[in-house]
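Chemist: For reference, the chains in residue letters:
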Amino acid sequence: MRIGIVCPYTWNVPGGVQQHIRDLAEALTALGHRVSVITPADDDAELPPYAVSAGRAVPVPYNGSVARLAFGFLSAGRVRRWINEGGFDVLHVHEPAAPSLGLLACWAADGPIVGTFHASYEKSRVVSVTAPILQSALEKITGRIAVSEAARTTLVEHLGGDAVLIPNGVATERYAMAEPLPGWQGRGDGAREDGGALGFLGRMDEPRKGLQVLLRAFEILGRERPGLRLLLAGPGDADDVAARVSPELRDRVVVLGMVSEEDKVRAYHSVDVFVAPNLGGESFGIVLAEAMSAGAPILASDIEAFDRVLRGGRAGALFPAGDERALAAAAGELLDDPARRKQLSAEARAAVRAYDWSSVARDVLRVYETVAIGDAGVVESGLGA
Amino acid sequence: MSYDWIIDVLFWIAVVFLVGVYVSWRATRLDRLHVRVETARAALDAALVRRAAAALELAASRLLDPAASLVLATAAHEARTADAENREFAESDLSRALRAVVDQPGFAGTLAARGDGDGKSVLDELSSAAAKVAYARRFYNDAVAQARIARRKLLIRILPLAGRAPLPGFFEIDDDPPGI
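Protein chains in written order, with the numbering used here: chain R, 14 to 398; chain Y, 1169 to 1348.
Everything labelled a hint here was simulated from the structure, so no lab data went into it.
All C-beta atoms, glycine included, are put in the ideal place defined by N, C-alpha and C.
Hints are supplied without guarantee of correctness; some may be wrong.
Pairwise CB distance ranges (calculated) [said to hold, decoys possible]:
(1) 1206/Y / 14/R: 38 to 44 Å
(2) 86/R / 1210/Y: 32 to 38 Å
(3) 29/R / 1288/Y: 55 to 61 Å
(4) 45/R / 1344/Y: 27 to 33 Å
So, partial list: chain Y residues that the calculated Cβ filter (under 10 Å) puts toward chain R [said to hold, decoys possible]:
(5) 1210
(6) 1215
(7) 1257
(8) 1264
(9) 1268
(10) 1281
(11) 1282
(12) 1311
(13) 1314
Derived lysine to any residue pairs resembling SDA-like cross-links, with alpha carbons at most 25 Å apart [said to hold, decoys possible]:
(14) 1321/Y / 174/R
(15) 1288/Y / 379/R
(16) 1288/Y / 42/R
(17) 1288/Y / 174/R
(18) 1288/Y / 363/R
(19) 1288/Y / 359/R
(20) 355/R / 1277/Y
(21) 1288/Y / 90/R
(22) 1321/Y / 148/R
(23) 1288/Y / 378/R
(24) 1288/Y / 1234/Y
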């Protein structure tokens, strides 16, 4: 298929939507489809061969924060020309409700249009006021996708109608192989002479991520196992975390703070057991999926989302959420049982394949095929429509 | 002596023109929604036909036991031949029959191993067809919901902008796909 994808935000600025589009475009290309992405980009930005620039985005205050958006006659003209020359079978617009290229593309095109909604927010006045303006453009979208249950709720509340749910994918290969961080052994196959290591990744100052449960469990485990170390990564204040650990255990708790993407992958490969002690509020658990892709043996709280992703405990051990004693006991068992760790690692790698981008791309492709019946394709819309 | 009346006339001509443009724009939007409903309905019908065909193919593949084949073939046939009134029930029954057959423990693995890869291709086709029914139905109901909202607007009710197009109805079935 010839697929035109519209990115609303500047390509080279890191962001969830941009990453999503990059991964999707590459997965679709790998399946043999022809993909073109139009996106705002800075003049000197390097774009991949499949991407086309629609000009620079300007920072403007929108919906309570400053967003970099592309609009105006120049951008509109470029979108129109791209649609006209592209001869697409289907047009895939991301975040079409943002006043950027997505909205312009809806305006300029007729035919099979798929829209993916990423954002979720509480009912806001801004959106209620702008809804009638958006409506006439968004009415043209023939297939709507939401990336999360929250995004879908937002969409339904603000704009009515419905959407299918296709969650974000995980680029599992990116996590599959890596050297452990310097000073860490990485997971071994045998029993650990040095006591082993536990790992955690996530916001350290967000109680729902459950770091406090893990720290309490380490108070028990650290005393039982003199060599055991704890590796913590994620945004948050390192001194603040250290203050929450007993002085005699403090030198065995290593706080990395914010890490680069590359070091994050290496962190997953540095520990014997990866712990996800979240107390709730996770719809999917991207961190868990990354750890699974890295093949880390996982010990997670038994909240619903984790139970589902870990296949009821087969692809990772579960403990009752918030219970540090159960966490300590389960972690101890795993540390003493290399065979079980190896088995969990293999099961995790297998289970996470369902969340790989190739599976997501397959589902998105089914959406394309559903809306693109007939062979009229996407055409330029008359002015003022 | 003044030309005030000319200004007045020009003003009213402009007002009438602008109202005309607005009404025509609203009519275009409504028409586009109706077209979207029809296209979505065609896509849904195509997806349902394809799913029934995939179910029949599986039933006729000689890869299943005869009882399971019979269950699938009957449900697929009922879904294909149901009249408008019973269509939704028959399609829901087909969804249930598919789940009953495919969700048996070890089904996918056993079938994939049979018939030199035929089993796998039939199963892939069925999985894709079932997923597309769910997508197509969502998109159709989404279009219907928006068309119905538009039809309730004051302007559309006062002026006969909807023409004789019937108010579209939702398509409600159980379309949970089997876990392949």
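Chemist: For each hint, tell me whether it holds in the structure or not.
Modeler: Verification of the hints:
1. 1206/Y / 14/R: 38 to 44 Å: violated (23 Å)
2. 86/R / 1210/Y: 32 to 38 Å: holds (36 Å)
3. 29/R / 1288/Y: 55 to 61 Å: violated (35 Å)
4. 45/R / 1344/Y: 27 to 33 Å: About 30 Å separates the Cβ atoms of residue 45/R and residue 1344/Y, which means 27 to 33 Å holds.
5. 1210: With Cβ-Cβ at 6 Å, under 10 Å, it holds.
6. 1215: holds (6 Å)
7. 1257: Given a least distance of 22 Å, the restraint on residue 1257/Y is violated.
8. 1264: With a closest approach of 21 Å, the residue 1264/Y hint is violated.
9. 1268: With Cβ-Cβ at 22 Å, over 10 Å, it is violated.
10. 1281: This interface hint is violated because 18 Å lies over the 10 Å limit.
11. 1282: violated (22 Å)
12. 1311: OK, holds: residue 1311/Y within 10 Å of chain R, min 7 Å.
13. 1314: holds (5 Å)
14. 1321/Y / 174/R: holds (16 Å)
15. 1288/Y / 379/R: Measuring from Cα to Cα gives roughly 18 Å; hence the hint holds.
16. 1288/Y / 42/R: Distance ~24 Å between residue 1288/Y and residue 42/R Cα, so the pair holds.
17. 1288/Y / 174/R: violated (36 Å)
18. 1288/Y / 363/R: Within the cut-off at roughly 19 Å; holds.
19. 1288/Y / 359/R: Roughly 24 Å separates the two Cα atoms, so the pair holds.
20. 355/R / 1277/Y: This hinted pair holds, its Cα atoms lying about 24 Å apart.
21. 1288/Y / 90/R: violated (47 Å)
22. 1321/Y / 148/R: Cα-Cα ~13 Å, so holds.
23. 1288/Y / 378/R: holds (19 Å)
24. 1288/Y / 1234/Y: holds (19 Å)
Of the numbered hints listed earlier, those contradicted by the structure are 1, 3, 7, 8, 9, 10, 11, 17, 21.
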